[in-house]
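Student: All chains should be modelled from the sequences, with the hints used to inform the complete structure.
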Amino acid sequence: MFTPVRRKDEFKMADFLLEIGLEEVPARMIAGAEAELKRRVLALLEREHLAQSDVSSKSFSTPRRLAVLISGVADQQEDIREELTGPSVKVAYKDGAPTPAAMAFAKKAGVAVDELKTVTTPKGEYLVASVLKQGRRTSEVLAEELPKEIASIYWAKNMYWRLGKPERFVRPVRWLLALLDDQIVPFEFGGKTAGKLTYGHRILFGEEALAVKSPKDYEAALLDAKVIADVETRRQKIRKALDHVTRTIAGARWREDHALIDTLTHLTEWASDRAVVLGNFESEYLSLPEEVLVTVMRDHQKYLALEDESGKLMPHFLAVLNTEAADAGLAVIRHGNERVLRARFNDARFFWEFDQRVPLKERVKQLEDVTFQKELGSYAAKTGRVRELALGLAELSVSRGSQVDAVALDEAALLAKTDLTTELVKEFTELQGIVGGLYARAQGTSATAADAMYDQYLPASMEDSVPRTVEGSLLAIADRADTIAGMFGLGMEPTGSKDPFALRRAANGIVKILAESPTSVPLTLSEIAGRATANEAVESRVRAFLVERLEFYLREVRGEAYDVVAAVLAAGNDDVRDAIARAQAVSAVRASADFAAVSAAFKRMKNILGQAKEKGYADLASHEAEVENMHPTQADLKQAAHALQHKVEQLREDHQYVPALEAVATLRPQVDAFFDQVMVMDPDEKVRRSRLALLTSILKSFSGIADFSEIVTAG
Amino acid sequence: MTAIREKKKALTFQELLFRLQRFWADQGCVLQQPYDVEVGAGTMSPDTFLRVLGPKPVRIAYAQPSRRPADGRYGENPNRLFRHTQLQVILKPPPERIQELYLESLEAIGIDLREHDIKFEEDNWEWPVGGAWGVGWQVMLDGLEITQFTYFQQCGGMDLDPICGEITYGLERIAGFLQDVDSIYDIVWAVEPDTGRKVTYGEMRLAEEEQFSAYSFDYAEVPKLWEHLKLYEAECLDLLDKSKKMSEMDPLALKRFPVLGAYELALKCSHVFNLLDARGAISVTERVGVMARIRSLVVGVAKAYAAQGELRSKEAASGIAG
Numbered sequence: 001m002f003t004p005v006r007r008k009d010e011f012k013m014a015d016f017l018l019e020i021g022l023e024e025v026p027a028r029m030i031a032g033a034e035a036e037l038k039r040r041v042l043a044l045l046e047r048e049h050l051a052q053s054d055v056s057s058k059s060f061s062t063p064r065r066l067a068v069l070i071s072g073v074a075d076q077q078e079d080i081r082e083e084l085t086g087p088s089v090k091v092a093y094k095d096g097a098p099t100p101a102a103m104a105f106a107k108k109a110g111v112a113v114d115e116l117k118t119v120t121t122p123k124g125e126y127l128v129a130s131v132l133k134q135g136r137r138t139s140e141v142l143a144e145e146l147p148k149e150i151a152s153i154y155w156a157k158n159m160y161w162r163l164g165k166p167e168r169f170v171r172p173v174r175w176l177l178a179l180l181d182d183q184i185v186p187f188e189f190g191g192k193t194a195g196k197l198t199y200g201h202r203i204l205f206g207e208e209a210l211a212v213k214s215p216k217d218y219e220a221a222l223l224d225a226k227v228i229a230d231v232e233t234r235r236q237k238i239r240k241a242l243d244h245v246t247r248t249i250a251g252a253r254w255r256e257d258h259a260l261i262d263t264l265t266h267l268t269e270w271a272s273d274r275a276v277v278l279g280n281f282e283s284e285y286l287s288l289p290e291e292v293l294v295t296v297m298r299d300h301q302k303y304l305a306l307e308d309e310s311g312k313l314m315p316h317f318l319a320v321l322n323t324e325a326a327d328a329g330l331a332v333i334r335h336g337n338e339r340v341l342r343a344r345f346n347d348a349r350f351f352w353e354f355d356q357r358v359p360l361k362e363r364v365k366q367l368e369d370v371t372f373q374k375e376l377g378s379y380a381a382k383t384g385r386v387r388e389l390a391l392g393l394a395e396l397s398v399s400r401g402s403q404v405d406a407v408a409l410d411e412a413a414l415l416a417k418t419d420l421t422t423e424l425v426k427e428f429t430e431l432q433g434i435v436g437g438l439y440a441r442a443q444g445t446s447a448t449a450a451d452a453m454y455d456q457y458l459p460a461s462m463e464d465s466v467p468r469t470v471e472g473s474l475l476a477i478a479d480r481a482d483t484i485a486g487m488f489g490l491g492m493e494p495t496g497s498k499d500p501f502a503l504r505r506a507a508n509g510i511v512k513i514l515a516e517s518p519t520s521v522p523l524t525l526s527e528i529a530g531r532a533t534a535n536e537a538v539e540s541r542v543r544a545f546l547v548e549r550l551e552f553y554l555r556e557v558r559g560e561a562y563d564v565v566a567a568v569l570a571a572g573n574d575d576v577r578d579a580i581a582r583a584q585a586v587s588a589v590r591a592s593a594d595f596a597a598v599s600a601a602f603k604r605m606k607n608i609l610g611q612a613k614e615k616g617y618a619d620l621a622s623h624e625a626e627v628e629n630m631h632p633t634q635a636d637l638k639q640a641a642h643a644l645q646h647k648v649e650q651l652r653e654d655h656q657y658v659p660a661l662e663a664v665a666t667l668r669p670q671v672d673a674f675f676d677q678v679m680v681m682d683p684d685e686k687v688r689r690s691r692l693a694l695l696t697s698i699l700k701s702f703s704g705i706a707d708f709s710e711i712v713t714a715g
Numbered sequence: 001m002t003a004i005r006e007k008k009k010a011l012t013f014q015e016l017l018f019r020l021q022r023f024w025a026d027q028g029c030v031l032q033q034p035y036d037v038e039v040g041a042g043t044m045s046p047d048t049f050l051r052v053l054g055p056k057p058v059r060i061a062y063a064q065p066s067r068r069p070a071d072g073r074y075g076e077n078p079n080r081l082f083r084h085t086q087l088q089v090i091l092k093p094p095p096e097r098i099q100e101l102y103l104e105s106l107e108a109i110g111i112d113l114r115e116h117d118i119k120f121e122e123d124n125w126e127w128p129v130g131g132a133w134g135v136g137w138q139v140m141l142d143g144l145e146i147t148q149f150t151y152f153q154q155c156g157g158m159d160l161d162p163i164c165g166e167i168t169y170g171l172e173r174i175a176g177f178l179q180d181v182d183s184i185y186d187i188v189w190a191v192e193p194d195t196g197r198k199v200t201y202g203e204m205r206l207a208e209e210e211q212f213s214a215y216s217f218d219y220a221e222v223p224k225l226w227e228h229l230k231l232y233e234a235e236c237l238d239l240l241d242k243s244k245k246m247s248e249m250d251p252l253a254l255k256r257f258p259v260l261g262a263y264e265l266a267l268k269c270s271h272v273f274n275l276l277d278a279r280g281a282i283s284v285t286e287r288v289g290v291m292a293r294i295r296s297l298v299v300g301v302a303k304a305y306a307a308q309g310e311l312r313s314k315e316a317a318s319g320i321a322g
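The listed protein sequences derive, respectively, from chains E and Y. Residues 1 to 715 (my numbering) are what the first sequence spells out, left to right. Residues 1 to 322 (my numbering) are what the second sequence spells out, left to right.
Calculated from the structure, these hints are not laboratory results. Note that this is a predicted model, so its numbers are computed, not measured. For every residue, glycine included, the Cβ atom is placed at its ideal position computed from N, Cα and C. Some clues are possibly wrong.
Unchecked claim - Computed footprint of chain Y on chain E; a stretch qualifies when at least three of its residues, placed anywhere within it, have a C-beta under 8 Å from a C-beta of chain Y:
(1) 21-28
(2) 150-161
(3) 316-327
(4) 340-346
Tutor: Spelled out as structure tokens, the structure:
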């Protein structure tokens with residue numbers, strides 16, 4: 001326990017600025033590191049009682065720096081009076097005189113023995129010493145703690161650079177700037193000593209150092225040195241510049257791409273209308289598939305594409321520069337970028353034409369030479385398995401009223417992997433599937449089959465869309481289920497953070513397709529697992545894995561609460577769409593008081609039945625024993641439950657889950673009365689059995705939508 | 001294309017090389033000649049792969065023709081080559097201003113950075129067969145990757161200490177950029193001073209591209225290549241086996257023990273593997289296995305090289321002490 005001696009308002013409040021100067025940090029890591037640095041510095045200040053958690057703060061980053069500015073930092077820690085607890089009075093004094101134990105404690109606390117006081121605790125009387133702990137200067141605390149905080153920043157990939165490898169960091173540290181108002185906070189990290197110097201844009205400002213007078217001047221000082229330190233400002237300036245340049249082409253707009261803009265923002269220190277060039281390419285390249293053109297521009301060149309009002313690609317591109325130039329310079333830069341893009345497009349066109357010389361149908365045999373996985377054989381073997389699986393799942397779907405073009409599905413499954421042998425996919429691996437679909441279409445394969453091939457790797461992530469057609473969905477499910485079952489069969493299941501074959505993503509994909517496919521795919525998880533393998537042990541593990549991914553989907557994608565998901569899946573976890581509907585219904589009613597009360601009661605019932613089972617009162621559900629003089633609340637509950645049972649069952653069968661749950665909640669008065677007035681575990685065996693049987697029957701009748709006992713209720 | 005600037009006298013291919021070599025020589029680099037065994041990249045030359053090992057500082061630069069049989073296009077593709085030329089600069093330990101020095105080298109070849117867009121974009125380098133990797137950037141100049149810039153972290157599976165900065169210039173790309181030509185074969189290699197006649201890259205190298213593409217893709221005899229691989233591998237393994245006795249060797253035998261010879265044999269294996277690969281003779285299943293075999297040679301050599309260096313320096317120290 002401690003109490004401040006001097007009040008905070010006696011201290012001067014200062015601004016603190018920390019900047020870590022680095023060689024170019026990978027764009028993908030900057031945002032995370034910027035946020036982490038700010039979080040760490042704030043936590044440090046709070047921990048050391050130098051700032052409140054709500055202190056005003058701002059962070060900055062460019063490829064060459066991470067920085068954080070905090071306003072309202074105390075320049076010194078408060079002096080604190082701390083009470084130290086020592087030995088018990090019994091031990092500390094003998095015959096009224098202090099023992100060595102008391103003297104040792106006084107010495108440790110730095111006070112005279114006669115200054116020791118006693119305190120009464122539940123354990124007895126103890127000695128206490130009141131100690132004044134001198135607050136340290138902020139600069140001193142920061143100098144000691146900052147190196148540790150900086151060293152702890154997480155990097156997806158880091159390096160060492162100094163002799164003896166004293167530290168790892170994302171890239172070599174080039175400078176450190178640390179100011180508390182106008183005073184340097186003296187510390188070292190990565191072989192650099194903190195000072196008040198920073199550096200501007202490499203090209204636009206040059207190599208000369210720049211002194212920052214005080215933390216508040218930081219942003220403006222950098223602006224003069226051609227660095228926009230604030231990420232959001234830079235992003236908006238880039239977007240504005242893109243708009244500005246695009247206006248020179250009538251009817252054009254640039255194609256929105258948040259991820260690319262994000263990358264470009266983290267690749268630049270400066271942005272202005274003179275920092276974007278609009279380049280052109282020969283319109284003959286527009287005969288190449290748009291997917292190929294966009295991939296080359298976006299993934300390989302980091303260019304934004306331009307489209308007309310109808311969304312059609314135009315023969316222009318936008319390059320975002322980490323510099324700005326006068327017209328002559330911009331013309332040179334544009335020319336260079338155009339030259340590179342032309343070469344890239346030429347390559348792509350060469351591959352596109354070259355690949356067409358051998359149609360996909362003739363490539364099926366080549367798949368024998370492409371290994372899918374050592375023990376699972378070639379892609380030809382996989383193709384065989386996926387065809388059979390896809391057709392089997394199609395048959396099931398058709399038997400439930402789905403319309404499936406089985407001929408097209410079979411053709412799609414046969415050709416699905418052939419694009420792995422094409423030069424275009426070897427060059428642009430991210431286009432696998434898409435390239436197959438494009439070639440299939442160009443080679444006269446049915447549109448249904450071509451689309452299914454095109455969509456087979458969808459969804460690539462939880463944010464991605466699912467295949468457009470039922471054939472595409474079945475192919476995508478069969479492909480993934482085959483991979484999962486094959487790997488599980490080899491014992492290569494994901495463990496912890498290790499999932500080298502991305503099996504979780506594959507299973508997430510299956511769940512997402514079942515959940516979101518525009519054309520319903522009426523398959524259960526058991527059916528998919530069962531068809532994917534003949535081995536029963538593997539089947540049950542695959543099924544459990546799919547259920548786990550369904551759980552993940554409900555929580556992470558649908559945002560359902562943990563307990564709702566547990567309740568719903570306990571009542572059935574095979575039909576994905578049904579589980580979603582039930583979860584939504586439970587979430588909709590869970591806030592009502594009656595529902596919460598009934599949930600709590602169900603939990604109680606389950607506990608009681610569990611205890612009964614432990615005590616060996618088995619055979620509960622067999623029949624309800626006849627008892628005379630049944631307690632009126634038991635009779636009421638029995639009657640109410642009986643009356644409700646049929647109604648709830650009917651609603652459940654009609655998938656009217658919300659009304660069904662509302663109906664269950666109407667049991668509350670009878671349930672409450674029963675538990676208020678009756679002891680289930682009655683000493684009389686007959687009575688007890690009849691009560692246990694009633695609870696068993698209620699749980700059984702009303703747990704078809706969700707196991708309410710899983711719902712967490714307040715109190 | 002419209003003329004967009006008053007064309008400065010663009011550097012010829014050889015002038016480009018001269019200027020870069022001059023620049024790095026002025027920075028204290030020893031200019032080495034290209035290594036005379038086939039390599040797939042400048043990194044594989046012993047001047048990089050072996051010299052980065054151990055504590056001894058190194059500053060060296062050399063142009064290295066690099067063969068990648070599968071990249072051959074019979075001379076028909078204007079951007080791809082069976083054999084291209086890298087300028088490799090090795091700086092161990094890397095100087096503080098290594099990036100700035102690099103940018104100065106661009107100025108030295110006539111690139112006015114204020115008129116261009118330059119970005120250092122993350123690109124980490126890895127040569128699994130050599131147990132070697134590093135982190136770094138691809139340097140983009142107006143959207144063109146002109147240089148791979150790497151801080152070597154490991155080589156032969158061993159941590160480097162000190163680490164090494166490696167700058168690899170793609171000379172054909174840079175020359176094509178400077179001269180603003182769309183085909184590598186149109187690059188002016190040299191200008192005859194008397195007549196002003198231009199000697200092109202095509203004139204110097206097209207026949208090689210045509211014939212080596214044909215050799216790699218159509219003629220190379222697969223059974224013989226496998227045989228070569230086996231022989232080179234066996235001899236390399238034999239040397240590596242003998243290298244285990246280095247600690248028992250007398251100083252003369254130790255310094256003469258041909259670890260460098262073993263490395264050449266390992267490089268030969270790597271090149272034969274690349275040929276087999278271009279020939280389509282290695283199935284994906286086999287691939288992993290053969291690569292593992294070559295990896296054990298290359299990594300084995302690196303370890304032997306490091307051990308030899310350590311033994312020799314120990315010996316030198318004891319010599320001084322004695």
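Student: Confirm or reject each hint.
Tutor: Hints versus structure:
1. 21-28: holds (count 5)
2. 150-161: holds (count 5)
3. 316-327: That given contact holds, which follows from 5 residues of the region 316-327 of chain E lying within Cβ reach (below 8 Å) of chain Y.
4. 340-346: holds (count 5)
Consistency with the previously given hints is maintained throughout, with no hint failing.
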